[in-house]
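Here is what each chain is made of, one letter per residue.
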Amino acid sequence: MPRDPRSFLPLRPPDLVLLLALVDGERHGYALARELSDRTDGVVTLEPGNLYRVLRRLMADGLVDESEKRPAPDLDDERRRYYRLTSLGARVAAAELERLRALVSSPVARALVQRWRTT
Amino acid sequence: MTARRAAPSLSERAYAFTIRLYPRQFRDRFGDDMRELFRDQWKAARRRAGWRGVARLWLSTVPALVGGASVERLTAVSRRVVAAAPHSPFAKRSDPMLQTILSDFRFAVRMLRKNPAFTIIAVFVITLGTGAVTTIFSAANAIAFRPLPGVSNVGELVEVHRTLAGGTGSGVGSDWASYPYYRYLRDGAGTRTAADVAAWAMLPLTISTGNEGVASQGTMVSGNYFSVLGARPALGRFFAADEDSVPGARPVVVISHGFWTTQLAGDSGVIGRTVRLNGNAFTLIGVAPPRFGGVFALLRTDAWVPLAMQPQLGRRDDLTNPRPTWLQLFTRIRGENDASRVAVQRELSRLTAQFVADGSEPAEHRRYTAVRVASLSGLPSDMQGKVLGFLALLLGASGLVLLIASLNVAAMVLARAVARRRDTAVRLALGATRGRLVQLLLTESLLLYILGAAGGVLVAMNATRLLALLPLPVGLPVALDLSPDARVLAFTLVVSLVTGVVFGLAPALQSARVDINARLRNDSAGAGSRRSTAQSAFIAGQMAFSLLLLITAGLFLRALDRGRSVALGFDTSNVAVAGFDVGTYGYDDAKGRLFYRALKDRLAQTPGVVAVSYARDLPLSRRIQTAELRIDGSAVTQPSQGGTRVSSVEVDAGYFEVVRMPILEGRGFSASDDERAPRVAVINQAFARRFWSADAVGRTFHRDNEVITVVGVAQDAKYSSLGEELQPFVYFAIGQEKRLGYHAELLVRTSGAPTRLAPAIRAAVREIDPLLPAPTVTTLSASTSGVLLPQRVAAMVTAVLGCVGLLLAAVGLYGIVAYSVGQRTREIGVRLALGASRRNVLRLVVGEGMRPVAIGLAIGLVLALGATRLLTSFLFGVSPLDAFTFVGVAAILTAVAAAATYLPARRAAATDPVRALRVE
Numbered sequence: 001m002p003r004d005p006r007s008f009l010p011l012r013p014p015d016l017v018l019l020l021a022l023v024d025g026e027r028h029g030y031a032l033a034r035e036l037s038d039r040t041d042g043v044v045t046l047e048p049g050n051l052y053r054v055l056r057r058l059m060a061d062g063l064v065d066e067s068e069k070r071p072a073p074d075l076d077d078e079r080r081r082y083y084r085l086t087s088l089g090a091r092v093a094a095a096e097l098e099r100l101r102a103l104v105s106s107p108v109a110r111a112l113v114q115r116w117r118t119t
Numbered sequence: 001m002t003a004r005r006a007a008p009s010l011s012e013r014a015y016a017f018t019i020r021l022y023p024r025q026f027r028d029r030f031g032d033d034m035r036e037l038f039r040d041q042w043k044a045a046r047r048r049a050g051w052r053g054v055a056r057l058w059l060s061t062v063p064a065l066v067g068g069a070s071v072e073r074l075t076a077v078s079r080r081v082v083a084a085a086p087h088s089p090f091a092k093r094s095d096p097m098l099q100t101i102l103s104d105f106r107f108a109v110r111m112l113r114k115n116p117a118f119t120i121i122a123v124f125v126i127t128l129g130t131g132a133v134t135t136i137f138s139a140a141n142a143i144a145f146r147p148l149p150g151v152s153n154v155g156e157l158v159e160v161h162r163t164l165a166g167g168t169g170s171g172v173g174s175d176w177a178s179y180p181y182y183r184y185l186r187d188g189a190g191t192r193t194a195a196d197v198a199a200w201a202m203l204p205l206t207i208s209t210g211n212e213g214v215a216s217q218g219t220m221v222s223g224n225y226f227s228v229l230g231a232r233p234a235l236g237r238f239f240a241a242d243e244d245s246v247p248g249a250r251p252v253v254v255i256s257h258g259f260w261t262t263q264l265a266g267d268s269g270v271i272g273r274t275v276r277l278n279g280n281a282f283t284l285i286g287v288a289p290p291r292f293g294g295v296f297a298l299l300r301t302d303a304w305v306p307l308a309m310q311p312q313l314g315r316r317d318d319l320t321n322p323r324p325t326w327l328q329l330f331t332r333i334r335g336e337n338d339a340s341r342v343a344v345q346r347e348l349s350r351l352t353a354q355f356v357a358d359g360s361e362p363a364e365h366r367r368y369t370a371v372r373v374a375s376l377s378g379l380p381s382d383m384q385g386k387v388l389g390f391l392a393l394l395l396g397a398s399g400l401v402l403l404i405a406s407l408n409v410a411a412m413v414l415a416r417a418v419a420r421r422r423d424t425a426v427r428l429a430l431g432a433t434r435g436r437l438v439q440l441l442l443t444e445s446l447l448l449y450i451l452g453a454a455g456g457v458l459v460a461m462n463a464t465r466l467l468a469l470l471p472l473p474v475g476l477p478v479a480l481d482l483s484p485d486a487r488v489l490a491f492t493l494v495v496s497l498v499t500g501v502v503f504g505l506a507p508a509l510q511s512a513r514v515d516i517n518a519r520l521r522n523d524s525a526g527a528g529s530r531r532s533t534a535q536s537a538f539i540a541g542q543m544a545f546s547l548l549l550l551i552t553a554g555l556f557l558r559a560l561d562r563g564r565s566v567a568l569g570f571d572t573s574n575v576a577v578a579g580f581d582v583g584t585y586g587y588d589d590a591k592g593r594l595f596y597r598a599l600k601d602r603l604a605q606t607p608g609v610v611a612v613s614y615a616r617d618l619p620l621s622r623r624i625q626t627a628e629l630r631i632d633g634s635a636v637t638q639p640s641q642g643g644t645r646v647s648s649v650e651v652d653a654g655y656f657e658v659v660r661m662p663i664l665e666g667r668g669f670s671a672s673d674d675e676r677a678p679r680v681a682v683i684n685q686a687f688a689r690r691f692w693s694a695d696a697v698g699r700t701f702h703r704d705n706e707v708i709t710v711v712g713v714a715q716d717a718k719y720s721s722l723g724e725e726l727q728p729f730v731y732f733a734i735g736q737e738k739r740l741g742y743h744a745e746l747l748v749r750t751s752g753a754p755t756r757l758a759p760a761i762r763a764a765v766r767e768i769d770p771l772l773p774a775p776t777v778t779t780l781s782a783s784t785s786g787v788l789l790p791q792r793v794a795a796m797v798t799a800v801l802g803c804v805g806l807l808l809a810a811v812g813l814y815g816i817v818a819y820s821v822g823q824r825t826r827e828i829g830v831r832l833a834l835g836a837s838r839r840n841v842l843r844l845v846v847g848e849g850m851r852p853v854a855i856g857l858a859i860g861l862v863l864a865l866g867a868t869r870l871l872t873s874f875l876f877g878v879s880p881l882d883a884f885t886f887v888g889v890a891a892i893l894t895a896v897a898a899a900a901t902y903l904p905a906r907r908a909a910a911t912d913p914v915r916a917l918r919v920e
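Top line first, the protein sequences correspond to chains X and A. Those letters in the first sequence? Residues 1 to 119, per the numbering used here, in order. Those letters in the second sequence? Residues 1 to 920, per the numbering used here, in order.
Next comes chain A alone, as it looks inside the complex (with noise of 0.2 Å):
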């Protein structure tokens, strides 16, 4: 048997060594059993999940081991105490490695308190470098692993996509699904193996409990919602069956717990009351589980409605029609195996292909005949990839400053053990081993470092509430705890006992490495160069990982700086906007469009006001549309029959005078382009080069079976990110879509600052319906900014980490100089003597002290050559070897590290030879 076993892997190697913190008498009963139960364990999330499913093995195993150990260990200690006394049953028993344990750490505890300077300053040094990173693994932890609240057994959950016949390359569009596709499927697969699809869209809601409505963020959900993810209410009861099966018949609402304590004060009656959605009348029947969110967590919900009561809150065919794709559907899959995954994929693959067999669907809609099942990850998918990257980015950085602290602290313990070479001596001499004395030593460098583990916990918690407030795109309804977690403390129990471990080796194994002799006989010449040479190394480290953090820092800034002068394409200052959803108010087609022409009437008189007009989405808000269009008279070949996929978005008359978005040729949108008249687009200078190279107005392309005449060229823009490449774009006229009901933001310029429009952009849309509520007004500048949040939150974090990694760097350059020369002023004295002037001493010392940084910048640039190529993502083309960033970051810390030497130096330099050598 054993021949066929694999070689353990990494994970069970580690297992096997993390087990000796139970007694050895359980591991020599259960040691074996216990890896290969971990093995199997690892086996299974390995193939379920991949490196994430041994991650969350990792996370849950580490503090339950932990724990189970730390009640064997205890009790094997209370039996011995009671062993202590007579006649006991278990008076054989003990566990000397528990006695030794406690001994070095009563010892330990002692040598922390006789030296308080030390242990504060080695703590504090910890402290900063735990911190850092367990403030950034809290909002990592947060963002992407922490499971879903109020949801059980997250890995049977899986999201379903649509996708082409081979399973892959899914759309944008076919991440969601439209009302009779979802109906089709629920209704074919509750059958077998898949056990229930549930699906849910976002819908905006003003929710009335009194008399004030309160703007929320609502989630319609399929009857079958709460049960599939499993979820129990806090109050009161989910949806029943019947309650989303008959349109508009069961008006009933869920809402958060959230919702429930800020606005309903908690109230256990609140059951069976009526709130208005809307202005509809609810009836309110459950409350969720605190922080429940759905499938993503970290999206705010404050009200959950079935998908039947849709005609009443949004538009009125959704539920009918099978064009409009807005809905999310996941299931669960019993038994979280692969087979049980590919049968429920296959599954919902057949019956997808009878309903696009069936016909009812439009074109665009029929490629797509397979389905896809993807594990739940708490991001929406096409978000993870790079969400995780940018998390691991600064998880990096923030471990940069705590292997800083960590060599800091290391070269600090490595100075101390000087002093306590004699003590070391005497201990050795007297027959304790080397293997003792550096276990001794560990227990006390462990004891630092849990110390500053339990302070860097502590900055942690005010670091994320500090990170909590950076600003967030508008128009995500976020809902962001970052605060660490039991998972959170588990991680930086860890990372710092192994950290403690490591940095405390070194210096433990370079003090056991005692002259006996030599001690005894208390010689204190020459500090040994062994020890010095780790000195050294220990600031070259230090020094080199600064440098890395601040040219991250520094390439971060530049992005940001370029990211802010990037042309793009129109002028967002001086225009207000504000989105709309009247849709969700009851109000048709006709109804809407005769809001928005009043809107705009009425706002068009008012003073200040430039130009209004109409988008479907604003520029740069991620939310791009595309639209498939067959190009007539162009020489390049079409992707498929349907024809080419171009990024679109609808405008308004107007448009592009408010966002002075030039037009080169032809005309922009007007007023008379509208329903009765002939179908019209404006494209942009890339797609008229693409497709047609000149003369691009009057020419048609086809949409469907529209025919549209491009009737102008809009100069190029950035559409969806700053660092996109140069695409073709189409503009549709607003006016001229079906679907006027759907989502709208109005744009207005003004000729002075656009806030100060928000009043009365309030006061029009009240004049007109007074029951839809007040719209946010914000600026289109404040609403493209959020762009730059990648870059602007790593340049704040990865600076504020480079400072204190510097700091860290340069107070202990200082000290080791300092001490140093404190060591050897008997021999500065003799040099002052013998004729040596105060500048050659100077230099001398300045010179030793920056030899160190000068081989730690070198490492650190070699460093940065090779990992910043990581970061070209993030930069909009800066360079990642931009030359301004490394000479500039290196002149910093090079200044840092000559004032850090200098200061030390002067003083040696001022040294009365005649008292140095007076001395001894």
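This is chain X alone, in the form it adopts within the complex (with noise of 0.2 Å):
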């Protein structure tokens, strides 16, 4: 029986990060930590097995899915392991965007968010 996506929250932001980059479909490990670099501003770092060790508790969980290897063809066409985003994944990741928007929809973040905007 899948488990109850709400049990996975609070994600972790670069759990976060990961699902989304997946949304639009299966990638490899070079286009993942690119993304995650890029939705953070650089401030995640990208040590190979970092991202592995981020990526194999995903799998553990159900949320992510690995890929026989195939060419990638942006990385002369070398052969490359593809992620994708499960059902479940998906459903995590929706639950934790709906909890987020909660969050800052609340009028207190509006008010925060108004007072302390930066540019």
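Mixed in with the good hints, there may be bad ones.
In silico negatives: residues of chain A with every beta carbon more than 12 Å from chain X [said to hold, decoys possible]:
1) T18
2) L57
3) P247
4) L393
5) R690
Covered stretches of chain A (chain X as the covering partner; in silico rule of three or more C-beta atoms under 8 Å from a C-beta of chain X) [stated by the list, open to error]:
6) 19 to 26
7) 29 to 35
8) 64 to 75
Listed next, with one range per pair, are the computed distances between beta-carbon atoms [as the list claims (entries may be wrong)]:
9) A:P289 x X:V113: 31 to 41 Å
10) X:V113 x A:A343: 28 to 38 Å
11) X:V113 x A:V71: 28 to 38 Å
12) X:S7 x A:T261: 20 to 30 Å
13) A:A281 x X:A111: 25 to 35 Å
14) X:S7 x A:G385: 53 to 63 Å
I should point out that these hints are in silico values taken from the structure, not numbers from a laboratory. Computed from a predicted model, the values in this text were never measured in an experiment. Virtual Cβ for every residue (Gly too), placed ideally from N, Cα, C.
With the hints as a guide, dock the two chains, each given alone in a separate frame, to form the complex.
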């Protein structure tokens, strides 16, 4: 029986970014690493081992699945392993976004953003 | 597919090796993917920023990898602990590698604690070595590699330089932009690829938050400056777009975090308060993040104001005048790849060409029709190469100290291995493999190095504080924080681990190679020739590297000496100097003229003053202007239709008297050379020789449309650096220039100590205009001494490193000779008993001790002959093979080594043969 998506919440920030990066389709490791760095203003360190530690956790939880290796057209056609979102993963990401939206749309949060807007 | 793959790079192989830190299980599953991902990252980094990008990648990868691997290993351990409980689901898992490491580690700790003297000395020696490397790397890191504080995604930021059509050959003036040009770029480029071009310029400010004004460093910035940098305010907000659109309309200021904490006590209620900048009221709207310094973190900035406020703080017409170039530009390129970079460069070049075609620019700018973008380096682009080379040099020198220290410790470990031969033999006899033994000894070595690294970081934390006290060239507001950060710690850890393995391996392999039978029979004769060869090699190595270091230090000292006696062509003694920027206090040209005249008159009547003058910039200040001149009646062909580019400075009447620069023909400037008089210039001998060969006085040249007559020839001098070649140089009369409101330096020749004139100068300024800040008065000799900074720093650092190296080498030599004398007590006793004289014994021991020293000296000399050539550019003509230095240093080293062997030799000679023979 699949777990309730809400039991995974709240997600760690890199987990959410990775899940979101997989929404549009399968990605290989390098694409994910780049996505992670872009979405976090380069704050998240991208040492490969750490990326795969996160992926392993997501796979253990059944949020992400891996495919067989196949050629990656953007990387000299070398063979890469691809990762894709499971339906549980998609539901968890959606639940997390829902949670964040509730957080962001609260009056307190709005007032705070209004007051401390940076630009 | 595999056939197409290139051979793995060094980085890739290194990474493949490093990921062994992860547990095997993890590696089995992800190892291949990790290596591939790393290769992708490596390729991208190299494509984007060359070796610098690769270095950055490694600097971020290593700490992350060590961290990730530690967590993985610890998790594995905790699983095993759980597994010890019955019925645990993890019961089968275990990590034999970790088990072995832990047991080796415990053993190593026991061994080191059993020999506290050995441990303390070894750790101390390693501390000196790693301390040297860490200190220098820490400084280099702060100067060249530290990411800009408060700036996000530095990799996307690029400097924008205007260049000639080919995209090459940027002139000195072209690194800067005029405001009209900048606006044209910004308004045109906001479109597609180039997000936003931002601009900035420094200006001196006096900030008053209460009654007292504080002399500060300000930066004028475009309204998009902070958003392009991606900075977030620590408090309040940054500039809104409309605050940089209408000139003079919105007096708002952002202050630095440092200014906020020191001058405003970190009060969070300051937002909205009024502060006065150069007397004008500004509203404080924000506080920048801590240590934020824009694109050059090394330059200190206290406050930022919008460029639109320039007319209130600076020269009035700079926002409309296309002539003065005073802005530096940068932009952010999204995506960080080559294609978008090229696209931005093309787009900005297109706009530049359009701007030139519009024709509103003065002729001298019109040749620069293209734009080149260059990665931000944290250093001004013209200094980058030199600074990096210099830092690499110092880092190399400190590396030699670590090498000496490591050889020293290796020799100690080897000597101790002799004492443990029996122990080793027993282990081997009981079935330990040599591999296991080597691993055990390596663990000990690594432990020593980790302790030493910790000590080295402590040394660095203190030493960098001393380094930061070195005097810097005056006139630069520098915010130098050299202290080690996380990256330095990671670097030190990696360096000491690598050194620990490399230098632990040799003695470990040596000691594992034990003849079991001989050892178990407790045969103590003969220390083994292979071992003593290794020991000699260690001594020779230490001597060679000490020699190299000391020769480097010696050469720098010679250069410093030479630099002090270089004929400058003018006299720096007894001259007081003070800089003025009255333009930033609302002065226009006419008012500036009146001020400078009044100050000069007043000072001329002050007792103790011999002569007073002004110059746009001080000699040797490295801010040299150039002018394009068309020389009339010269046989020399002009390189372009604009004419020949000649270095120049604008000076006032009396300048040549103040700096005592002889006028060889004609005259210097006089008070009558003003705006109404015909334009005149004084040239140097090199100028006259190059263009006219004789009779220069009375000849003319053109600058733009002006005809300028040469009225005098001054003696040749040094203008921007001590090492420079003799070059044509021209002096213009400052009174004939339109922009007197710009920066000007006051120079006063005094009959007594020039610093004693400071109160009089400050009083005179206050009397003429109490709103001006009191100027900082220094001396010409102090301000020109900055040109010797690289030599002074290098001489000091290499001398300290050289002495540490020599001390280590000498102590190491002493220790080894003393040890071998102790081992050979019986042999020496026999020699003495058989009739050898004490002198014979002395000669024997000293001779044997000095042999590796001699070999080391020979190797060191050869190394130095090859290596010192790299220093040539710092030496002011001192030969890199300077015989005096080479012979002197070799003599010092020999003397120290002789002393280090003589002391134990004397003890050996004093052996009582009867007692020696009774031993055992």
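Note to self: Just want to verify: A:R690 was marked as not at the interface with chain X; is every Cβ pair farther apart than 12 Å?
What the structure shows: Given a closest Cβ separation of 52 Å, the condition holds.
Next item on the list: Using the beta carbons of X:V113 and A:A343, state whether their distance is inside 28 to 38 Å or not.
Entry: 34 Å Cβ-Cβ, so the 28 to 38 Å window holds.
Check: Can we trust that A:L57 is non-interface, i.e. its beta-carbon lies farther than 12 Å from all of chain X?
Finding: Violated: least Cβ distance 9 Å, not greater than 12 Å.
Notebook entry, point to check: Against chain X, does A:P247 keep a CB gap of more than 12 Å to every residue?
Noted result: It holds; A:P247 is separated from chain X by about 22 Å at its closest Cβ, greater than 12 Å.
Next item on the list: Can you take a look at whether the stretch 64 to 75 of chain A is actually covered by chain X? Rule is 3+ residues, C-beta closer than 8 Å.
Entry: Contact hint for the stretch 64 to 75 of chain A vs chain X: holds, 7 residues under 8 Å.
Check: Against chain X, does the stretch 19 to 26 of chain A show at least 3 residues with beta-carbon separation below 8 Å?
Finding: holds (count 3)
Checklist line | Consistency of beta-carbon spacing, A:V71 to X:V113, with hint 28 to 38 Å | finding: holds (35 Å)
Margin query: Is the claim that A:T18 lies outside the interface with chain X correct, judged by CB distances over 12 Å?
Written below: For A:T18, whose nearest Cβ neighbour in chain X is about 9 Å away, the distance does not exceed 12 Å, so it is violated.
Margin query: Beyond 12 Å on every Cβ pair: is that true for A:L393 relative to chain X?
Written below: Holds: least Cβ distance 31 Å, greater than 12 Å.
Notebook entry, point to check: Is 53 to 63 Å right for how far apart the beta carbons of X:S7 and A:G385 are?
Noted result: Since X:S7 and A:G385 have Cβ atoms about 58 Å apart, the given range 53 to 63 Å holds.
Margin query: Please check whether A:P289 and X:V113 have a Cβ separation lying inside 31 to 41 Å.
Written below: Violated, since A:P289 and X:V113 (Cβ atoms, about 19 Å apart) do not stay within the stated range.
Check: Can the suggested window of 20 to 30 Å be confirmed for the beta-carbon pair X:S7 and A:T261?
Finding: violated (46 Å)
Hint check: violations occur at hints 1, 2, 9, 12; the rest are consistent with the structure.
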